[in-house]
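Asks: Start from chain A and add chain B according to the hints.
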Amino acid sequence: MGFLTESVEVDCGADGVPVAVHWRGRGYRVAQEPVRWYERRAWWAEDARLPADRGTGAVDQQMWRIQVQLTVRSELLTLELAHTLDTGRWRLLAATSPSGAQVVRCA
Amino acid sequence: MPTFAIDLISNTYSNTDVSFPHLHVATAFSAHYGVSRPAALAAAAAADGADALACTDRDGLYGAVKHLGACREHGLDPVLGADLLLYGPGSERALGRVLVLAAGGTAGAGYAALCRLVSAAHARGGPPGVDPGQIADHAGPAGPSGPVLTVLLGPASDVGQEFAARRYRAGRAALARWRSRLPAEALAVEVVSHLAAPGTAGSTSRAARMLRAALEAGLTPVLTNAVRYATPAEAATADVLDAARALTPLEALGAPGRPGVGGAADRRAPPAEPLQPNGQGWLKPARQMRSLAAEIARAADLGAAGAEALLAGTRQVADRCRLDPVADCGWGRPVVPEAAVLGLDRPAPVELRSRCETGLARRYPGRRAGPAVRSRLERELRVIEDLGFASYFLTVAEVSAMIGAMGVRHAARGSGVSSLVNYLLDVSQVDPLEHGLVFERFLSGDRSTLPDIDIDVESAQRLRVYRRILDRFGPERVSLMSMQNTYRARGAVRDAGLALGLDPGTVDAAAKQLWHLPASGLRETLARRPELRDFAEQVAREKQLDLLVDLTERLDRLPRHISMHPCGVILGDRTLLDRTPVQTGGAGMPMSQFDKHDMDPMGMLKLDILGVRMQSALAHAVEEVARVHPGRPRLDLEAVPVDDEATFELIRSTHTLGCFQIESPGQRELIGKMAPTSFGDLIVDISLFRPGPMHSDMVRPYLEHRHGWSRPLPVHPRLDPILAETHGVTVFHEQVLRILDTFTGCGLARADELRRRLGSERQLEVETFFRERARAQDYPLDVVDRVWAVLAAFGSFGFCKAHGAAFAVPTYQSAWLKTHHPEAFLAGLWEHDPGMYPKRLLVGEARRMGIPVLPVDVNRSDEHYRVERLEEDPGRLGVRLALTGIHGVSRAEVRRIVAGRPYASLADLRQRARPARRTLERLAAVGALDGLLHRSGGTASRADLVHALRARADRERPPRAAGAREVPGQLALDLGDLELRGLPAERPEPTVEEKVRTELDLLAVDVSAHLLDSWAPLLRELGVTPAERLLELRNRSEVLVAGVRVSTMTPPLRSGRRVVFVSLDDGTGAVDCAFFPDAQERTGRHLFGTRLLLVRGRTRRTGPRGISLSAERAWDLADPATPAAVRAPAR
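Protein sequences appear in the order of chains A and B. Each residue of the first sequence is one higher than the one before, counting from 577 in the numbering used here. Each residue of the second sequence is one higher than the one before, counting from 29 in the numbering used here.
Here chain A stands alone, though its shape is the one from the complex:
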């Protein structure tokens, strides 16, 4: 995962669960309960340093699959997002339309 991902902005609720996504200048609301998991990073290839006092985030990145729509009546898009824990940065990995067509595939 590297250069081809797109940055997105995500609003989260108090429990850290996304409620809204800002992508390409438009605001989407989260329509269904998202799915969240953690995936490892190949930190040995990506990081230059790994001091023992580095906090979180060396191994894990948080992954989200969320369904969003522009308005209540517009079609649902499925987004796959990666959330880097130590920088707080959100990146879009893929967006899929209801027909299954891939709108965007990064990385």
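Derived by calculation from the structure, the hints in this document are not laboratory data. Idealized CB from N, CA, C, for every residue including glycine. Hints are supplied without guarantee of correctness; some may be wrong.
So the derived label-pair ranges between C-beta atoms look like this [what the hints assert, rightly or not]:
1) Glu609(A) <-> Val46(B): 23 to 31 Å
2) Ala568(B) <-> Ser675(A): 33 to 41 Å
3) Ala677(A) <-> Ser208(B): 47 to 55 Å
4) Asp591(A) <-> Asn513(B): 41 to 49 Å
5) Ser675(A) <-> Tyr196(B): 33 to 41 Å
6) Ser208(B) <-> Ala596(A): 49 to 57 Å
Covered by chain A, according to a simulated footprint, are these stretches of chain B (three or more residues, beta-carbon under 8 Å) [as the list claims (entries may be wrong)]:
7) 141-154
8) 183-190
9) 220-230
10) 574-586
Computed far set for chain A versus chain B, every beta-carbon distance over 12 Å [what the hints assert, rightly or not]:
11) Ala624
12) Pro627
13) Thr647
Replies: This is chain B only, laid out in the frame that chain A set:
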């Protein structure tokens, strides 16, 4: 959706209970697996409000005792278990892993069963593991209190693997099999979610399947987090450990679809496990564990009731497994062998007293046992009886007597020497009253832990002694102690480099430079040490090396593997194996999974029986004296007078190479300055040569007062006598105790407690106490001030005089032997190699003493270094080198050669000793066949013979006819007896230089000449001064010296700066060169690595007979560029 009753689980869980008991936690003592130490885990759990915490190391209870201690400290109830490999019933196939926990409240039955199950896992052979039948056997029949073990079937178990693969029927069948072996209360299903990608290992969906399976089967579900580290930040360290365990780089191990790669075969591990899916295996706080339970229950369509069932099940199992360290594990209760096994027919205290009486008559014949001895004995016996340690002393006496009966040299060491009882029981050979040793330094009524009595034995007999103890007390009472080997820089760089997949050559080169460094602070070390400069520059250049340094620091001090402790023998009663798990240690002997830190807490009696090479060397020397002087009465080293003037003359000459404790450059310098004249001086010398005294300028005043250059200031008539033996300087703990006792009246036992606080952050308490009590005793203020100043100055650097006295015995004995039987002494040193120097340096010492070193000879040498009467002058003795010293010649070959001696011809040798062809060539090369060659009457040289034998060895083996077998000796036929005489003389005898090279290659000693001799022309040209001429020079003369490195040390020094001492041997003697920081800087990598050195420096007089060199710079003598560099004007 199948129906099942969630209310089966007794619902004790309530939402007000906010803590969560982690029941699956590997500590750092799960080598190459766990990351955090028990103390860190317990602290984290306690901080989160937990009231119980488990330690479930892989394959054993390695961290268990530390866990018990940490839990006590943090007010947690400990739970103990082991994460074990599971074998199929009666099969060698591993099915997975299970977690087995000990049940608490069973009066120790649960913990005992766990210990024995773990021992059984290791007794199996192959990777340690158990089968379900073994688990059921150890869990015990469901008695009144139920089974004593609880098995958690988790994702790695046979059950978990079936459900993970969605083989529901097989999973249910596996559960039913467990259910048929164990009652339901002994079983639980472990539910783990590491929140991995849906559908993969560690995912919530798999955890949900396990939760449902548990409830369907009516078994308790238990939520764990399969913890490997306390905090998320340590997850990457676990990755590195995974790679090290699998011997596979992270890139390969982490690549999707490639689990189980790598060559783990040589670590006897089961197939390599894939890298953890993510970094979620940390000790999550209760809040997160509760939401995890909710998430899993939701995924299982079980809602809040499911989560509650899961948390309630966890708590229920935790409650069943809470251990009381004292009642369940025997915490703090000393256990010694039963009286019956010691053969006592009366109470131990009565027996001890009676044996001490016998000892009095033997040690103090006639009426020498005066009132002082009597009252001391009474005092000691009273303390021993009050503590209930009589049988402990009898046990040690029994072991000591047993070793003596084996004919093995042994000597007590350590503070146990302070005890008159030990002296009377023949455990110790030092009279504590004669040397003013204080019993309270060893044992007092205030100490309830078992005291240490250490026994040194001949190193070569150590395992035989251990086996004898095992036989005598029985395998149920004896186990060897283990030790945890932890990562230091070198190993850490290797494993971190492997994990990163760096080029092995680069990693190896880096690792070689990091000998004996801690891995923590490596970055800082690199910046500071001149000899690591090249590596530091490389790190700055290469990004991956930067990461390597970080990972190396992360691995620092993590346990890597356990091994047999060099001296600890655990002796218990017949319940020992209920209290410690054992596995097979070195030499096939049972080894406890507990280390020395675990002994006191677990009340385990540990004897330190240390193999000391010097004891073996002394034994060999005594043996050789007896062999060459068959007529004389046998030498008894214990009986030689300790005031032999010739021996002290030798010690004062500082020609003490080979002598115990006093052969190092620093020690030779010290004895040169001190000029010891008595055994007591040796005790002082040994006690002074330690980091504290050397750092704190104790030595200078001692020497000045000793030589009368200045006088100690009198302080007080009651202080001065205490310090008289050390000229007003506090050298011994014993003196500190007496001073404290004299001026405060606190008693010697209390004084020892106070002494331990000197130099610590609690010193102020001691000062307050001392001042108040001394003033209360009416000492004037200025006296109190001055006495306190004496204590504060050196009190914390003192040395236990009992240790010093114990060490001084072999020191004196070795010096005595070197004085009176130098040939036998050298033979002993070569045979057992006890010292710090390579064997070849002692060849130089033999040369200096005029003792011929006789070459290896097949007709004269045997398996041992032998003293031999010279053929040309039977009144003189030499030392014959052993056949065993030849590199590449096997023990079996040596034994055959020795058995067949003498040999009339080469053919005879070949026929009867059947050496390998290469062996024959090696024998010829070191001159072992010269005798045969000369006797043959031929004219061929050693070179001709080596050439002929090498040609033979190089030749292909002749093809054999099918079925025809080579008969030993057949080869000799084609050569016959005339072989050597018929050898064509074509080559000159090898030059001395060639002989030296061969000798160094094959014998590691240069006998024919000194290694440096061939450099003589260059050294002459450069004006290098030989070692023996240095004494003639003035102090601070600038000189060049050259030689072979024989030792490198960074000893304790007064300034605290690092000084590197390099000793060189140039054939005329040894030069000790001190490299201070500037010189280290200029010398760079040659400081540690280079063998042949040329050193420029200034002479430094260290005493009437001592001189050393303060180095400015060193070069590699073998580097062709060196002569020019040396000739260039110095900066």
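Asks: Does each hint fit the structure? Answer for all of them.
Replies: Hint check:
1. Glu609(A) <-> Val46(B): 23 to 31 Å: For Glu609(A) and Val46(B) the Cβ distance comes to about 26 Å; the hint holds.
2. Ala568(B) <-> Ser675(A): 33 to 41 Å: violated (54 Å)
3. Ala677(A) <-> Ser208(B): 47 to 55 Å: holds (54 Å)
4. Asp591(A) <-> Asn513(B): 41 to 49 Å: For Asn513(B) against Asp591(A), whose Cβ atoms are near 45 Å apart, the range 41 to 49 Å holds.
5. Ser675(A) <-> Tyr196(B): 33 to 41 Å: holds (34 Å)
6. Ser208(B) <-> Ala596(A): 49 to 57 Å: Distance hint for Ser208(B), Ala596(A) holds at roughly 55 Å.
7. 141-154: violated (count 0)
8. 183-190: This one is violated; 0 residues, fewer than the three required, reach chain A with a Cβ under 8 Å.
9. 220-230: n = 5 at 8 Å, threshold three: holds.
10. 574-586: That given contact holds, which follows from 6 residues of the segment 574-586 of chain B lying within Cβ reach (below 8 Å) of chain A.
11. Ala624: violated (5 Å)
12. Pro627: violated (5 Å)
13. Thr647: It holds; Thr647(A) is separated from chain B by about 28 Å at its closest Cβ, greater than 12 Å.
Violated hints, listed in ascending order, are 2, 7, 8, 11, 12; each of the other numbered hints is respected by the structure.
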